[in-house]
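Trainee: Assemble the complex: chain A is given as a structure, and chains B, C and D with the ligands must be docked to it using the hints.
Protein chains in written order, with the numbering used here: chain A, 1 to 441; chain B, 1001 to 1441; chain C, 2001 to 2497; chain D, 3001 to 3497.
By construction, these hints were calculated from the structure, which means they are not laboratory data. Some hints could be false.
Claimed, not checked - Residues on chain A that point at chain D, a partial pick, calculated with CB under 7 Å:
id : residue
1  : L21
2  : E35
3  : N49
4  : S79
5  : L180
6  : Q313
7  : R329
Said to hold, decoys possible - Straight-line alpha carbon distances no greater than 25 Å define the calculated BS3-like cross-link-like pairs of lysine-lysine that follow:
id : chain 1 : residue 1 : chain 2 : residue 2
8  : B       : K1142     : C       : K2324
9  : C       : K2064     : D       : K3064
10 : B       : K1286     : D       : K3324
11 : C       : K2064     : A       : K286
12 : A       : K142      : D       : K3324
13 : C       : K2204     : C       : K2187
14 : A       : K142      : D       : K3163
15 : C       : K2460     : C       : K2445
16 : C       : K2163     : C       : K2324
17 : A       : K286      : D       : K3064
18 : B       : K1142     : C       : K2163
19 : C       : K2013     : D       : K3445
20 : D       : K3445     : D       : K3460
21 : D       : K3445     : A       : K15
22 : C       : K2187     : B       : K1286
23 : D       : K3324     : D       : K3163
24 : D       : K3204     : D       : K3163
25 : D       : K3013     : C       : K2445
26 : D       : K3163     : D       : K3187
27 : D       : K3204     : D       : K3187
As the list claims (entries may be wrong) - Distance ranges between label pairs, derived from CB positions:
id : chain 1 : residue 1 : chain 2 : residue 2 : range
28 : C       : P2036     : B       : E1377     : 34 to 42 Å
29 : B       : A1267     : A       : G47       : 53 to 61 Å
30 : D       : E3446     : B       : A1352     : 47 to 55 Å
31 : B       : G1030     : C       : G2309     : 25 to 33 Å
32 : C       : N2464     : B       : A1267     : 51 to 59 Å
33 : D       : A3484     : A       : G186      : 37 to 45 Å
34 : D       : R3157     : A       : E416      : 52 to 60 Å
35 : C       : R2202     : B       : G1165     : 29 to 37 Å
36 : C       : R2322     : B       : P1399     : 15 to 23 Å
37 : B       : Q1361     : D       : R3305     : 49 to 57 Å
38 : C       : H2105     : B       : A1435     : 19 to 27 Å
39 : D       : L3318     : C       : N2310     : 50 to 58 Å
From a predicted model like this one, the values you see are computed outputs, not experimental measurements. Where a beta carbon is used, it is the ideal one built from N, C-alpha and C, also for glycine.
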Amino acid sequence: MLGTIGVSSIEDLFKEIPASLRLDRPLALGEGRSEQEVFDELRALAGLNVSCEDEVSFLGAGMYDHYVPALVDSITQRSEFLTPYTPYQPEISQGGLQAMFEYQTAISELTGLPISNASVYEGPSAVGAAGYVAKLTNGRPKFVVSRGVHPHSRMTLATMAHAWGVEVIEAPLSDGLTELPALDQGVSAVIVQQPNFLGVVEDLESLAAQAHGVDALAISACDPLPLALLRTPGECGVDIAVGEGQSLGNRLDYGGPSFGFFATTDALVRRVPGRISGETRDVDGKRGFVLTLQTREQHIRRERATSNICTSQALNALAGAIYVSWLGRRGIVELVELMLQLTAYARERLAAVPGVTVLHQRPVVREFAVALDAPVEQVLVACRRAGIGAGYPLGGDYPELGEALLVAITERRSREDIDRLAEALGAAVASANKASAGAPA
Amino acid sequence: MLGTIGVSSIEDLFKEIPASLRLDRPLALGEGRSEQEVFDELRALAGLNVSCEDEVSFLGAGMYDHYVPALVDSITQRSEFLTPYTPYQPEISQGGLQAMFEYQTAISELTGLPISNASVYEGPSAVGAAGYVAKLTNGRPKFVVSRGVHPHSRMTLATMAHAWGVEVIEAPLSDGLTELPALDQGVSAVIVQQPNFLGVVEDLESLAAQAHGVDALAISACDPLPLALLRTPGECGVDIAVGEGQSLGNRLDYGGPSFGFFATTDALVRRVPGRISGETRDVDGKRGFVLTLQTREQHIRRERATSNICTSQALNALAGAIYVSWLGRRGIVELVELMLQLTAYARERLAAVPGVTVLHQRPVVREFAVALDAPVEQVLVACRRAGIGAGYPLGGDYPELGEALLVAITERRSREDIDRLAEALGAAVASANKASAGAPA
Amino acid sequence: MTDDQLTIYERSKPGRRAFVAPVLDVPERDLDELLPEAMRRSAPARLPEISEPEIVRHYNRLSKRNFDLDTGFYPLGSCTMKHNPKLHERIAALPGHARLHPAQHPSRAQGALELMWRLQDALGEIAGLPHVSLQPSAGSHGELAGVLLTRAYHEDRGEHRTKVLTPDTSHGTNPATVTMGGYEVVKVGTDERGNVDLGDLRAKADQDVACLMLTNPSTLGLFETGIEEVQRIVHGVGATLYYDGANLNAIMGICRPGDMGFDIVHFNLHKSFTQPHGGGGPGAGPVAVSDRLEPYLPVPQVVRRVPEGNGAEPHYDLDFERPKSIGRLRGFQGNYGVFVRSYAYIRSLGAPGLRDVSENAVLNANYLVARLREEGVLEYLPVAYDRLCMHEFVLSGGPMKRDLGVRTLDLAKRLLDFGVHPPTVYFPLIVDEALLVEPTETETKETLDEFAEIVSTILKEAANDPEVARQAPYSTPVRRLDEAAAARRPVVRQQLD
Amino acid sequence: MTDDQLTIYERSKPGRRAFVAPVLDVPERDLDELLPEAMRRSAPARLPEISEPEIVRHYNRLSKRNFDLDTGFYPLGSCTMKHNPKLHERIAALPGHARLHPAQHPSRAQGALELMWRLQDALGEIAGLPHVSLQPSAGSHGELAGVLLTRAYHEDRGEHRTKVLTPDTSHGTNPATVTMGGYEVVKVGTDERGNVDLGDLRAKADQDVACLMLTNPSTLGLFETGIEEVQRIVHGVGATLYYDGANLNAIMGICRPGDMGFDIVHFNLHKSFTQPHGGGGPGAGPVAVSDRLEPYLPVPQVVRRVPEGNGAEPHYDLDFERPKSIGRLRGFQGNYGVFVRSYAYIRSLGAPGLRDVSENAVLNANYLVARLREEGVLEYLPVAYDRLCMHEFVLSGGPMKRDLGVRTLDLAKRLLDFGVHPPTVYFPLIVDEALLVEPTETETKETLDEFAEIVSTILKEAANDPEVARQAPYSTPVRRLDEAAAARRPVVRQQLD
Ligand SMILES: Cc1ncc(COP(=O)(O)O)c(C=O)c1O
Ligand SMILES: Cc1ncc(COP(=O)(O)O)c(C=O)c1O
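One chain only, chain A, in its complex shape (with noise of 0.2 Å):
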């Protein structure tokens, strides 16, 4: 090959770069491996985690272990769907680009939103780009964050807003729900979750019609499973929801890859980031689909895209795709009382559980927050001991709850578990107890 090219030797193809700069030895990396000692070597570091099969787990705070049926697994892992590129090339992408235009109408369906973009990257950026979207709507100089907004979604928003000069104004909770503060027209936004990051459900009519009063967009992060169940962003008149879409489908990865999603109403369609799939006809008159109105995007507007995003999360949207139509119509409805029921009988069980309190008793939807008698960190540890990784605490991010703990209730966990889980919490709460009682004053 290198005489086809006309050079004597691999060195001569790198002769532009400045020799100043020719790195003068090998990267500090080691020798290459046999793919037996990759697989052992990163099993063996797998084995030093303890996840969701390891335990009985009742983490969620955004991200939840749900069961991921055989058949997403499956489907994604076939090369046409996990390999291709972003459909630059749409007749030999029709694959790819049918399935997004399914994934879109099943988020829409789920929000009650008309239009869905194709995916973003995960939930918190999700919450970041549709406040990119209103900045770019209105430009006014105000966001209002509801404190139920999950830490993370608050802290990127955060994040960007600073570099767009846009102040990020919080609003508090009162027992567990969403209080605005009076709004006034430099309010670009009103940005609230459904369910809040406490496991409560928010009345989002009220806090978007409130918003609306001054002509500030409502947006709201949302869970997608409980929607199937819950009165729609849509309804409410939200005009962007967007989402962590990790519980439809995709396992939890220490955090990703999932997605994020983020569907609005006809009115925005042309401010939405990244792709969006829509429907077409070829020459011969052939349905067929296409990535859509692209003049929102980087690769043709450049500076003046309505966002940056180019790769998302396809495979990751496709597992969502693949999941709500394995759940089906019913099904996931019937998923979705599952968990309302084993909730409401977790929320009784640890209520009565002496030193655990529920800590509002507003109706939730698989997930809840409790105070304890004792200090949570204690607490947790003891339960690990027991096997159970008993939940998320709250005391970082919402130190006025005190001593707080997130409880997540999936169909994976059963009532033996709910109960494995009580009679620990007690437990560690008594014995928590006992012991500083114990000490010296």
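Mentor: Leaving out everything else, chains B, C and D with the ligands in the frame of chain A:
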């Protein structure tokens, strides 16, 4: 649908079944379960097994813990290979038929014989199948079978030979090598194994020559990986080479499914059992593949077929073909030489352990036998406590060897593993003897 | 781009590779010392030299030249091409199943043994016969087991029998098995309703008969209504009654071979119990038998041991102490990976689900007949025996051949152009130009409707130009292949040099 | 058979389902009591009603309407469509990785944290910049991180800068990111050799400039030979120098952005480090930075803590105590599943392997140029800048359009008929009718030869009838699609009723 059929109930469809025969109760199998429940239940059962992932295993005895590369799974899991039936319609089965053709080529290369079928069930039944071909070929009343042939193969052959009225005569091993008795014209076939069950490399050529001396067929069961290095059955004048294919890219699966291979000479091609893929052309002159020489088979020849086999092990044979392509012409030699070196190290290492004696000082490839100065079962129990599956106890099959153990070394076992085995064996033998010494006479 | 037809040997290039060897961490010895040259092959096996990306592309391209069940309708009669749930692949791949060594001590393989024991139990219940061996590797292997069990049974009673009866509708493996089992095949006729000809059976059933091999529903897809009389005749001469389980999909939970008087049943786990066919295997062919045949079952048997008193846990074991056993039919414990899938299937469905399977299989078959009738197809392709069918049915292409000059083979090949896998053709042998159609329970009404319309379209097309079908297929990767030439000068491996 | 184009909604039939709910084992409460009707949606989401077999077939059929890397050549410039080793999928699926909850306590996620820490370390070494954050989700997200880091850096020093420079060859995400990062884009020209126009750069580099975003090799596939001078100019005005890592595949182990003076580098793990593209993601866009930017990296950072003395084991943790951090760019710790694959890749190749990657990527690109020249292709499709290229190169379809009346788009569409994925078209913008070709290191010589021949065939064909290319493709599932109509009246979801 019932209306279209013209019946009023499903029941009516079964009315030809005499009422007296109808089952008047549900099957005693309980209710159906959700995917998640079935997965959890069968994962729990898997958890009750100690697999080669859970201990350092030196078990072999016909099936080996080799590394199966990921691409084998990803290819064999493609529905186009996983779900079709036997390729009765060649025009829409070219993928499977060409894969069979390529598999046959690989087996032919490994065995040094011109003809391979597309697979039989597995190793021991392949020995039986070879015996049946011998019976069909010369109808003689005796098989001479080496004691070095896998006990399961000898038992399987005996089971079938009994039905044919063929007597099975066992040829003893002397210092690990087959010693044939005087043969006569009553011998239909001489059946040996390479390497034999104790891991020793046999002198296939002289055994085949002795068989041919009385016009009997020379049949050899072979372990396919060592064939990458060993003199081939073809070079040695063997008429039929069969064997267990598991070590070629198939997982252990507690013994199956794997595949058996069947290779032979041109002379016997029309007596081969099972499917054979052959090259041909279509009406446009395009190359294609079909199931060929079908007049051997049950669906054509019925009671005059050369075998009753129908469904065999196509997917497992495919895995074997992928695996040898992955290893490649050089890689397969490197792999077997690696095992040769590891095995030599292990044999020396164990020989140095007090109370452990290597049984015969003859060339072996990846398996060898040792004698212990203590009860094998006791030693195995002790090794298990140390997380080691020390090997296969030979007492049941070869009482004449006393307290003996068969140890297999694959590329999955490291020097450290082998050293651990040596220490565990040494400790176990010592403590067993201490115990018995301590015991009242 | 690259010619899809190149073999992997034709893609091979010296020096390329996928495999990288693990590092050798022991002192290296001289090869000649470990394995003298005289023991080594003279030249390396000429395996392909190719990189992982090229291997993947090679097989991906091959896969696109295969039609598969996950892509379209596959009504291959007698093969029960039902959907293979993806869950089963996930479960079978768990290391606790997939990397369990078959020689592992039973005390360390309790999960596997319990699963096998539970599967034996479930299959026994489905068959109505209490004792099960999972060992046989496929249906025909199960048949061989059955014939050998029969032999052992008679020999044990000092009887020497020489013949086995099989109906003229039987599958090829039945007579082939009989011969392999050391018996002579005697064919029994079929009456005008498609049942075993009882007169002929009586005439042929004598003291030399060891067994009658039957499948019910028969390969005609019809329930053997005279089964009770058949049973009396066969048992009357002291022969065993063998049930070929390939058609079990029609009657699960509805009636049971054991209750019909069968002594031996084989199951095709790769048919009724969803092991994917893999393009020709793997499968598994467990057998269930009655008490009188139990002593002869192969070794080892999976058993559940309940220790005496003291509330000790029951455990599972392999039993080799079976003095009357026929011995082994293969190595180790059988196709365990198949057992895992089939047990997962039985657990998923439970009793009601299994009954639904058979009800829907029979419903779909009868509905398809009705739709074909509506489409006027039966005019040229009459149902061989016009009765309610069970899970499959047989059409005769005789009239089509006579009136349209189109053979069953032509119809089959033309179906390929419509993206349908043809039914089984030219079997059973007693039906002229036979077409054996088994839709299975996992197909939808829309699929059945469409199939009926496609067949009718092909017949209409043939009515005005039979050549279209005669020259079919057109849209497949290759067109009709010359099988005669292939058999005349067999090329069964790549030529290399 | 069934129309491959039906959507899953069009396949839906009332009452069908795949999902079976686990049994509810707690006392059931009244729904209204748990969730008052006022809080519930008025109608169920109209999701499909469909069985597992039909879902599988639906997606299987869709998959057959996609071209993929595992099937054929995919020289999509700037996208580095290299082979994705199958091992990576196996490893990523291990429950210890795949079912690890992101909120798991760090002490219980030591394997994941160690893997991330090792990956940070390796990426830092490859980039020549010591500090790495794995958080960004893709390349453009990494760019945003870079711009925000730059802002934080300047603000921390009390500087207020308003402009970011990007070459006119830059990828669209660069300017889009600049705007999103709150800066104004200033375009820098390209000189006749394809390098950054240093004169123009000097003219535009002033105290208002916060950053220059560059990729080297550039999107023209050329090494920026003036990089040292560029670096002096940019740093001379106190701006940061940003490296877009999309083209890192050309230089791994050969030279390092850090050594060139770059302050910030983003990686595309889904390009250089083999995360499969998934039809548009997932990816990951980690950033590596120099010491002066380290304080501003996102939270949390994965750190390795070595306890004081007493030989206690070092452990891994998430560090949130970063007062100057820009904060978060997303939830949790980033696309961990991608990290697993990329780390497996780095481990498999090691230092020599990574260098081989870049050497072969550059060898393949230059070889392909040479073959295209041999085939006479460059006559109509000249290389935009005729220098030794790095891992990719740009052809101009200008002459082809002028002399043959065939545009780059037509050539691309005609390539589809030959089973090749076309190169990137109409990018970079500064090249007329641009065609950006990146073969990658995992392609064989035969594939490159064949591609050169195909392009030459298409040009010959066009020479005697341009309509062939203008009307192409012909053999694809659909032919040219009306994108204008799609955008005019957008139909972006299934209409249901
Ligand atoms: C009726 C019948 N019996 C027996 C068999 C043989 O089963 P197997 O292919 O599993 O050996 C078949 C398979 O086609 C069959 O249809
Ligand atoms: C040069 C260049 N920069 C940036 C990007 C954006 O990367 P991503 O798609 O991962 O956001 C790309 C991807 O096409 C690219 O080619």
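Trainee: Checked against the structure, which of the hints given earlier come out wrong?
Mentor: 5, 10 and 22
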